[in-house]
Structures are given as C-alpha cells and as structure tokens.
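Asks: Residues per chain are reported as follows:
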Amino acid sequence: MTNEEIRALLNLLQSTNVTLFELEQEGVRIKIQKSPLSVGDTLRLPSIRSMGGEVPDSATNVPLQSAPTPRANTRTITAPIVGTFYRSPSPEAAAYVEIGSVVQKGQILCIIEAMKLMNEIESEFDGTVKAIFMENGQSVEYGMPLIEIEIGPEA
Amino acid sequence: MTNEEIRALLNLLQSTNVTLFELEQEGVRIKIQKSPLSVGDTLRLPSIRSMGGEVPDSATNVPLQSAPTPRANTRTITAPIVGTFYRSPSPEAAAYVEIGSVVQKGQILCIIEAMKLMNEIESEFDGTVKAIFMENGQSVEYGMPLIEIEIGPEA
Amino acid sequence: MKNTPPFKKVLVANRGEIALRIIRACREMGVRTVAIYSTADRESLHVRMADEAVCVGPPETNLSYRNIPNIISAAEITQAEAIHPGYGFLSENAHFAEICQSAGVVFIGPSPDSISLMGDKARAKSLMKETGVPVVPGSEGAIVSEEEAMTLSREIGYPLIIKASAGGGGRGMRIVHQESEFDNALHAAQTEAFQAFGSKEVYIEKYFQNPRHVEIQILADTEGRVYALGERDCSIQRRHQKLVEESPSPVLSSRLRQEMSDAAVRAARAAGYVNAGTVEFLVDDRKNFFFIEMNTRIQVEHPVTETLFQYDLVKAQIRIAAGLPVDPPGKSAGHAIECRINAEDPWTFAPSPGHLDRFLVPGGPGVRIDTAFFEGATIPPQYDSLIAKLIVNGRTREEALDRMARALAEFEIEGIRTTIPFHIALMQDEAFRKGTYSTGFVEHFLSRRPWERPS
Amino acid sequence: MKNTPPFKKVLVANRGEIALRIIRACREMGVRTVAIYSTADRESLHVRMADEAVCVGPPETNLSYRNIPNIISAAEITQAEAIHPGYGFLSENAHFAEICQSAGVVFIGPSPDSISLMGDKARAKSLMKETGVPVVPGSEGAIVSEEEAMTLSREIGYPLIIKASAGGGGRGMRIVHQESEFDNALHAAQTEAFQAFGSKEVYIEKYFQNPRHVEIQILADTEGRVYALGERDCSIQRRHQKLVEESPSPVLSSRLRQEMSDAAVRAARAAGYVNAGTVEFLVDDRKNFFFIEMNTRIQVEHPVTETLFQYDLVKAQIRIAAGLPVDPPGKSAGHAIECRINAEDPWTFAPSPGHLDRFLVPGGPGVRIDTAFFEGATIPPQYDSLIAKLIVNGRTREEALDRMARALAEFEIEGIRTTIPFHIALMQDEAFRKGTYSTGFVEHFLSRRPWERPS
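Protein chains in written order, with the working numbering: chain A, 777 to 931; chain B, 777 to 931; chain C, -4 to 450; chain D, -4 to 450.
As a list, the in silico DSSO-like pairs of lysine-lysine whose alpha-carbon atoms are at most 30 angstroms apart:
(1) C/K282 <-> C/K124
(2) A/K892 <-> A/K881
(3) C/K124 <-> C/K201
(4) A/K906 <-> A/K881
(5) A/K892 <-> D/K3
(6) B/K892 <-> C/K3
(7) B/K881 <-> B/K906
(8) C/K326 <-> D/K326
(9) C/K429 <-> D/K326
(10) D/K429 <-> C/K3
(11) D/K282 <-> D/K326
(12) D/K201 <-> D/K282
(13) D/K429 <-> C/K326
(14) C/K326 <-> C/K429
(15) D/K237 <-> D/K429
(16) C/K429 <-> D/K3
Honestly, the hints are just simulated from the structure, not real lab data.
Build out the structure end to end from the sequences listed, making use of the hints.
Replies: Here it is in structure tokens:
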C-alpha cells in the first residue's frame, strides 16, 4: 500500500462517521481508528469578556508545536524543561551555534532560562546543525523541538 | 478491494443503522465500526423504582416492529392507526382471512379496535395472503406490518 | 418510607426536550412512562428514555403528535392512566382534554372549560375586568361609529393603535400619536382592512411604546390552594418568538411583583383554574401592568422558575392532576436566566436542521441543560427549531449573565448553525446588561450589527 | 458596571474536572487562564478550554503535574499572576506555596505556614486542644510505659485502638474491647510493629464502632471574616475513598451543626487560616464529635456545598487570594448529594481505563455535572479514576435521592466499566435511604451482594 493510497483512504474516511476501519488483503493489514473529535490543534476559545476592555491579550504567545518531519539521519533536540529559549549566553555574546555549525556530543547548543536560572542545553549527538526552530527569547514548553542535528556518517 | 469498492461500501453503510461491519472473503478481511448511537431498537431502561414493589409490569407489551423483508411481488399491509388487532369481527366468528386466502382489493382483512370503534382494514391489492404478522388481540402501533399479500400475476 | 406514585403510568403526548422533561419527573416519582413518536422520531431520546413507546403516525404533526384518536388508543393499549400534553401540539386543545375525560384518562392540565375560557381572548379579557385585573384599555369589539371611536380614544389616551378585527400581519393597522391624526388613520385602516380581509371592522387599543412582557407562574391544586411563583421577564423576543427569559425581572420592584402576583392569583381563582398556568402581562414604562392572556399549560421557560424556587413544576402538575395537594413554594433566591438554543442562523434566524457532528454541552456550577439531542443525532426538519434550553443561576444578575456567557462559550455544536453566537453577543451587550430593555430590544440590537464586533 | 477581575491571568496547576472547574470560575470573572498538561493530556478538555496551555512534562506526575520548576516557569513565560493548585498534586505542598511566593506568583490557597501546620497531625491536634475543639482522645505521641498506658486507657475508656507510630495498613494495630485484653494486645502490637517497621513505638486512641465522617466547609478572607458553610456527610466510603457525599447530614441536629460549625470556625481562626478549607470530624453514635484533620484546599466534593448555598467556592478562593472580601454565604436550602463516577468495576472497584465509545450525560432539573470527559475521549491509565461528579439537589432528601437515581439511570457510558451500577443500587437501598449509615456501611452493603438484585 503506497502513501498515496493511504492518503486517499484517509480522505475517504474523514467525511464519514466511521470510527474504526480494518482492512486485510494481499499480506497488507491496515487499521484506522478515528476520534469523533478533531484533534491536534488546541482550541482557543474567544475570551468571553473581551468587551470589558480590562483584559489585554497575552504578551507571550506560546506557539503550538509544529513537529518537524523526522528523517533517518537527523535527530531533534527538544526542550527538556519549560522556559525561555536563548541562542547565546548573553545579549552581547555570539550564538552558541548557527545552521551549518559542526557540533559534538556534550557541546552547548542553547540556553533555556527557567526560574532565573540559565539551563544549558547540550547536544546529545555529534553532527551538523540543520535547523533552529526557535527564535531568540521565545517561550518554550516541554517537548518542543529546538534544534535539528544531522548525524555524522560515523556517529 | 479498491478504494472505489470501499467507498461504495461506506456509502451503503452510511444510510443504515449498522454500527459494526465485518467481512472476510477470498483473502480479504474488512471491519468497519461506526459512531456513535446505535439506532433502531428502542432502549428499555430498567425502572429505577422497581424495588418499591408498587409498580407492576405493563400488562400490554408493545412489540417492536420487525419489518419483514419485502419481495418484489409481495405487498405488506401496515397498521394505519394505533389500536388492538383482531382477525375476526367477533370472538365467535371465523377469521376474515387465513394464510393462503385469495383476497380482492377492498376485501376486509382484519380489524383494529381503537377508542371502542372497530376499524375494518381492507386489502389494497388483489392477491393471496402469504403471512399474518400479528396475533389476535395484540396491540399495534402505527406502521406495524399486519398482513403480507402476494400480488396476482395480472395485478 | 417511599411515597406512593400519583399514577402508575403516564403517556407523554409530546416530543423533544419537553417529553424528556416529563419523563424525568415521572421517573423521579416512580411513575412508568409511555412515549409516543412519529416515524421521523424513531431514534429520538424521548423514545429511548421512556419505559414504553408507541408509534402514532407519520412525520406530519396532524397525523401523529396531533392525532387525537391514535394518541388516545396508545393510552388505551398501554393502560396509561393519564396523559401529559407538554406545550404546543394538543396542550391547549379543550377538545382533546374533553376526549381524555370521556375515555377515562386523566388530562394533566386544567379543565376543558378553563382551556376554552382562556382560549377566547374576549371572554378572558372581560372576566379579568370583572375580577379587577387591569387589561389593555380599548374598545370592546369592533368600532361602531366615528363619534364613539373619538370618545373612546380620548378615554384611552394617545398613542393608540387601530387594528383590523379580522386582521394580522400589520395590514389594517395604524398607530396614532395624537388626536389630529385620528380621523385619517381610522379611515385608512378601515379601507385597508376591507381590501385585505373583506371587512372594514376595526377596533382600537392603547399602544405601548416600550412595553415589557412579564408573566407570573401560577400553581393551583384541587383543594383551592393557588400559589404565585414569581415572574419571568420574556421581553427579549423577535417577531413574538421568545429568545431569552429571566427572573427576577430587572424592572420589577418588590411591590409591583406583589401586585402582579396578587392579580394573577385573583385571575386564576376567578377562572376556577386548576394546575400550572401562566398569566401574561404587559408592563409599560411607567410600571403599569395589563393582562394580555393566560397560558393554560407548562411553558417552555418554566425552568427559570424551577431554578429560583428549587421547585419541580412538572411534578407539581402531575400531583395536582392526581388530586394531591401541592407544597407551598417558599422563597426564591438568586437570579436565573434561560437562553433558547435554536437550530437557526444566529442573525437571520433561518432554520438550520441537520446532523450533529459534535454536541458538547456545558457543565459545572449553576448550569442546567434541557435537551433531547446528543452527538450523532439528526435534527429533523419537520419540527420546531428549539434544540436545547440552557438555564443558569447565580447569586446576582451579573453572576448569572457572566455564567451564561461562560456556558454558551463552552457549548460546542457542529454540523448546523445555532443561535449561540446571538446569545453570546447579547450577554456582552451593555444595554442588555443594564436591564432596561423592552420587547423592541432585539430589533435594535440586531440593527447594531453585533456580528461585526470582535468577540 | 462590570467588576474588575481579581487577576488578569491565572495558571491552573491541575488536570481533569477540577482544572475545568477552575477555568470556569475564571471565565465567569473575566480572568484569563493558562492550562498545564502532560504529553498524555494533549487532547484533554482543560487544555481546549483554557485561553493558553503549556506542556510541562511527560505523563508521570512527578515530571509534569508535580514538576514545580516547570510549573513556575510556565507561569513566568505566560505572565500568570496567580496559580490555582486544585486538589491533589501540589495543593497541600507548603514548599510549592513558598516557591510561588518567592517567584512573585500568588498561590491561591492558604499560607505555607497554615499548610505546614495542618499537615503535621500532632501539631494540628494539639492546637485544636488548646482552642477547645474536641479531638479524638488518646496518648500524646508514643506510649512510654505500660503503667502510663494502662492509666490512659482507663481515662479514654473502651473500646480503644493501639496503632504503630510508624504504621499503616493494619499492621501493629489492635482493637481492645475491655481492660482484661489490654496487656496482651499491647505486647502483640509492639511485637508486630517492631517486626513490620523496626520500631516498637505505638500510641493509643479511642476506637469508634460506627463513626460518621462529617466535615465543615470554611471560608476565611484576609480581612478576618470566617464563615462556615454547613457540613458534608462523607461516611459512604470504601477503604477511606469517598464515594458519595451529601448535605445536610441525615444525623445532624441543627444544634449539633451549630456546635460543629462554631468549632470549625474557631479552629480556622486559631490557625490564622485564610482561603477555603475543610475541617473533618468523626461523629460517634452518641452524637459527640472529634476533630480529625483540616484539609487546606478545595475538596472534590465542594459542589455539594455550592449547590445548597448557591455559592461559588472557587470564585471565592480566587477573590480571597487577591485580597478581596468574600460575601456572607446566607442560608442554604434543600438537600444535595454527589456521586463520584469512577472508571472502575462497580463491585470490585478495579480500574477500568479506556475509550469512551458513548458518553451521554444526564440533564434536566437539579442536576449538575462536573467532568472533563466527552464521547470519543480516552481515559488515560496514568491518572486517577474519577471521570465525573454527578451532583443533584432536591427540596427534600427523598427528592434528591430519587433525582440521583433518575440521573444515574440516564447516564450512558460505553467502552469502560463505571461505578454507576453501584450508585444506582445504593440509591435504592432501604438502609441507605434511612440515612443511618456509618463509615462501615459500604462494606456491609457490598456483603449483601447488591449486584444480584434485579434492578
């Protein structure tokens, strides 16, 4: 079964009230279970008091996690704690890493500030920085992807 | 099984009250479960006060409609009103029809008593009585199948 | 230790949320229930919740929910001792109440005579006058002569309204603001009435600029006890369809409440009324009140009163019908409000039946929901568009409005359009929150294009 | 016209129905909310309902819902001014309350000192004694000598219980019915205690045969107002897990209620207590009451009190934490009862997590539901089994029980086992309906094999 066929099947099921679908043929077995609830994106109910004018919008927008597609030879470093993401130890200092930087296991990649403490986030792999998902000063929640590392061939 | 076939199957199920469908044939196995309400049969919640001993069970059990499978050359006479079904004009009299009786359009098939009135139910077709779905004295609700008529070839 | 149920079995001659409401009352009293249903409602919750169910006809209401012979037969074959008609359908049909009587089935409601009396507006109005209950001032029947009309118009005072006796829909209708306009308006109305209805008969009545629609809930038992259970303010309506009801009314002083309650009790006593009923009044901007009519059934908005008084009105109806006395209601506390959630476009009010892909009801403190729908159900196009009643209470009006706004925002319905956005906008509206609205409010509110406001 | 919200934004450091409960209170007050969640709760209703949500860790509660640094950071990055801990998790953690303080975030609850004091049973007990609140008679700390023990046992009177100081789970525990048994029992308990815990220290306490567990709800603001909002009878428990709570308690006279309320207020004042709290008492069969402990948080069963008093306790908590005064509660009316619907086998109480194929909640008059679940949701196995609280009220206890039975029968849950059948059987049980139960009731009730009764 190709991804195309699966996609077509999913589209088909999307518009129905089917909650469980199982098909087995020619050595292929597929099982699809659907939640009646649309899932994934977090609903943001409108503030029912916005008329009152007393409640300003949140200064900090916690962005939703948009998980990058994992590739076989890449690893994603995710936030182990909640806090504020920084690319450098101080505003004046240079960033720990840039895209293309070659890093070693244990090397500091970035900082997450939490409860006034600067927590250094180390690379768990040898490799090359392929992507940085966060802006300097951005809030991060647990599990958010921070930095993508392409693992060296001998890693 | 192609997506086209699956689509046709889903459409078929969509309009029914089926909640679970499983098929296995020629090496293909498919299982489809549908959300959410099971439909068709009427739930009978237990009386939450039956402990009190004050409430006897209903003397009259209104049976659920078990619709007969329609065939091309048969027609079902259903109850046009709510009441009590009788096969004869009086307890002593013979039944209006029996299985095998040949009937003509307009001929009386049975009686439904409602509000002390005897309502004669006439055949809408010429043909032969193939089935009588009700017992004498049974309560009937609107739309319940009463008698099945096989239509004569020239009808 | 347990009370004997007032009846062994009751047939519920209705559908939707009110059928469920009655079934709930019966269950709590140990009374078995029989639901009736049309072929369109085979999968409805009222059918599932009842102990028994009888199909009484096809979807058309005159062949099913208004089909008197089939409903009486259904009671007979299931040996139901009484029939609760709910609201709408046969609930104010004196003929049906009579047939129940002659078939030996108790009709849970007032006597056929009371229904007839209150169904005849002219008779009801003149009874009220005799009883000393204020009625809307106007001519008794049609205008006979121009002179008589002029004299009467001075008595009533301006503004007044001229209406075609045979009329409706605004034709043959004229609002007159001063005497100098009266002659012309009368002739114009008569001409229009004749063109529209073939009769130039018209009558005149006092016209109210900004009236409030306030009704008093009554309970009367067979032993002569008559209680008033406060008021419901139903001024939030669109084309005479109530959308929101609340109690206490933001404009009633406790003295006015007492006067109106006394008038309603007097009205019920004069009519020899038994069972639950509602006396509807207009309240003008100078806090005068006038009898409009009496509804001889349970109302859609009865939960507002139930919540405030912690009093089950439907149980009381059933007890009264069984000849049992009712408890005094005691004191009410706090503030209650009901929003009618309709399957309608929130701004045009165009019907929007369909499949409920999602139906997540609000919960938590002070929230009551009366609905016969659920996720996966389909709203049939044949019946009325009310899909849920959302009732909240709070210690104050402000808390109740804030709670309603919260509950409305929680209520998730997908697959159809509903009036929830209308209600959310209303709960945030400064003018509504002030409580100074009248029956013209919704029109003004909609003209302010609330859908353009960011919410 | 609208009150200023007590806070601009509150972080809710909990999950499930209590998180939703707090979000509801905030919304009604115009306070924005931040939910926290573990990766197992991404699709939970509390996440959907909050204005913002922050993932604080993996499913394990010590890494997420009890993860103090991540929760404080979540408050910081969202600029939340206050944290509501709900119940369980960090709600009675004095250390957490202290960290909130030092991080400049308001902890919605009592002071760290109050939490510490009441968390230390010995200190709490001796404070109560000083304040003249009756405590369970017994030794102060461990028994020193056999002679002392014998003297004390005469003072306390029989039956009494000997418990291992380090103990738990029944080991090192002996119930003594008369003096002649005392010596042997003491030695046996000491030996068992030593074998089980490595310490032969034991203490003795009065033993109650058929106690009732009755608690008083307290509200205290920063301006020194302390109110008691009646009691909740929580005697229907199984292995110290409450299953049903009701108010008023069927066994409290109004005089006893007043005495217990006064004692609870005195206890709160002596402890310098601020915010909502609950003082738990044992009531013996001669209607003597004894302080057990004080819970320094909102309780699971708070809706019972909210319903009776029409009083929002969670809003009151938030107002108190903002330094605002609370309204006097006024009078309660009627009878309220709560059933905890757990995802458990109704008779063995074995957990039953899983997918909710169907979840149709009851409605209508006098019914309140607090749940964070819905049709299609999955109950994760990691967290507690409470899936819904069903609270009803009625004018009388009988009406409340009948209404509860009705609502339970309406509640349709498929895909998992729940405690609904247990509650239905309980509501029909003659002994329960009499109201003369004690904390041993459930064991007896289950021994009567209620599952074999046709319902």
